[in-house]
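Asks: Order-wise, the sequence lines are chains A and B. Position one of the first sequence corresponds to residue 1 (this note's numbering), numbered consecutively onward. Position one of the second sequence corresponds to residue 1 (this note's numbering), numbered consecutively onward.
Be careful, since some hints might not be right.
To be verified - As a list, the in silico DSSO-like pairs of lysine-lysine whose alpha-carbon atoms are at most 27 Å apart:
#, chain 1, residue 1, chain 2, residue 2
1, B, 108, A, 9
2, B, 3, A, 36
3, A, 41, B, 56
4, A, 9, B, 41
5, A, 41, B, 111
6, B, 17, A, 44
7, B, 3, A, 9
8, B, 108, A, 36
9, A, 19, B, 41
10, B, 111, A, 36
Don't read these hints as lab results, they were simulated from the structure.
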Amino acid sequence: DTAVSQTPKYLVTQMGNDKSIKCEQNLGHDTMYWYKQDSKKFLKIMFSYNNKELIINETVPNRFSPKSPDKAHLNLHINSLELGDSAVYFCASSQEHSSGLAGGPEDYEQYFGPGTRLTVT
Amino acid sequence: ELKVEQNPLFLSMQEGKNYTIYCNYSTTSDRLYWYRQDPGKSLESLFVLLSNGAVKQEGRLMASLDTKARLSTLHITAAVHDLSATYFCAVDSPAYSGAGSYQLTFGKGTKLSVIP
Numbered sequence: 001d002t003a004v005s006q007t008p009k010y011l012v013t014q015m016g017n018d019k020s021i022k023c024e025q026n027l028g029h030d031t032m033y034w035y036k037q038d039s040k041k042f043l044k045i046m047f048s049y050n051n052k053e054l055i056i057n058e059t060v061p062n063r064f065s066p067k068s069p070d071k072a073h074l075n076l077h078i079n080s081l082e083l084g085d086s087a088v089y090f091c092a093s094s095q096e097h098s099s100g101l102a103g104g105p106e107d108y109e110q111y112f113g114p115g116t117r118l119t120v121t
Numbered sequence: 001e002l003k004v005e006q007n008p009l010f011l012s013m014q015e016g017k018n019y020t021i022y023c024n025y026s027t028t029s030d031r032l033y034w035y036r037q038d039p040g041k042s043l044e045s046l047f048v049l050l051s052n053g054a055v056k057q058e059g060r061l062m063a064s065l066d067t068k069a070r071l072s073t074l075h076i077t078a079a080v081h082d083l084s085a086t087y088f089c090a091v092d093s094p095a096y097s098g099a100g101s102y103q104l105t106f107g108k109g110t111k112l113s114v115i116p
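With the hints as constraints, model all of the structure from the sequences given.
Replies: So this is what it looks like as structure tokens:
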């Protein structure tokens, strides 16, 4: 039983194309995230989303857009792909992640998907 | 802006030796996480530290948190080759001032190589 799944695992495409990466979680979590890991292995949050709030990291180009058809899915759409978009993209999920939550470690833990390696040529 | 600094970034150690990875962060946070990543793989959660003085141990790894010093450590005892991986610390903070949602800021990772 895969907790957080992503498709595809590998994506090779040309500059200028539009592509999507899908993410699904079966943990019943309320919050989902997208992260980008660059070639130096540095991880950076791109988006966090729950039914109340979409938070976009200010450094993310508006060519990137998350779309959530339901609570279990958060897909990532990328328009007009550029060479610099080549990276590994990770989806993650957690329980609703708010300042008001006062639970145990399991409430805060983020579970990561297997990653999608995007190569733009 | 929250900054999370790990050191060292690269660590080569012999089997059987002990070592500590340090994680410093720049603003107040109540939650700190350690993750492990093997090459080409996803991130595996190791520890979630929720309060000042928290200490957690799993096998040869022990993590601690000092919120006053804004410092967490990951101590490796009697290293074995299977511990070779990249270790990340990450700190929770509000996405922006007054935000209800929190986001993780990661350190750059410590690449650990354990040599037989």
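Asks: It remains to establish, for every hint, whether it holds in the given structure.
Replies: How the hints compare with the structure:
1. B:108 to A:9: Distance of about 23 Å is within 27 Å: holds.
2. B:3 to A:36: holds (17 Å)
3. A:41 to B:56: holds (26 Å)
4. A:9 to B:41: Between residue 9 of chain A and residue 41 of chain B the Cα gap is close to 11 Å, so the pair holds against 27 Å.
5. A:41 to B:111: Holds. Residue 41 of chain A to residue 111 of chain B sits at ~10 Å (cutoff 27 Å).
6. B:17 to A:44: violated (32 Å)
7. B:3 to A:9: violated (30 Å)
8. B:108 to A:36: At roughly 13 Å apart (the allowed maximum being 27 Å), residue 36 of chain A and residue 108 of chain B satisfy the hint.
9. A:19 to B:41: holds (22 Å)
10. B:111 to A:36: holds (18 Å)
Figure legend: structure checked against the earlier numbered hints; hints not met, in rising order: 6 and 7.
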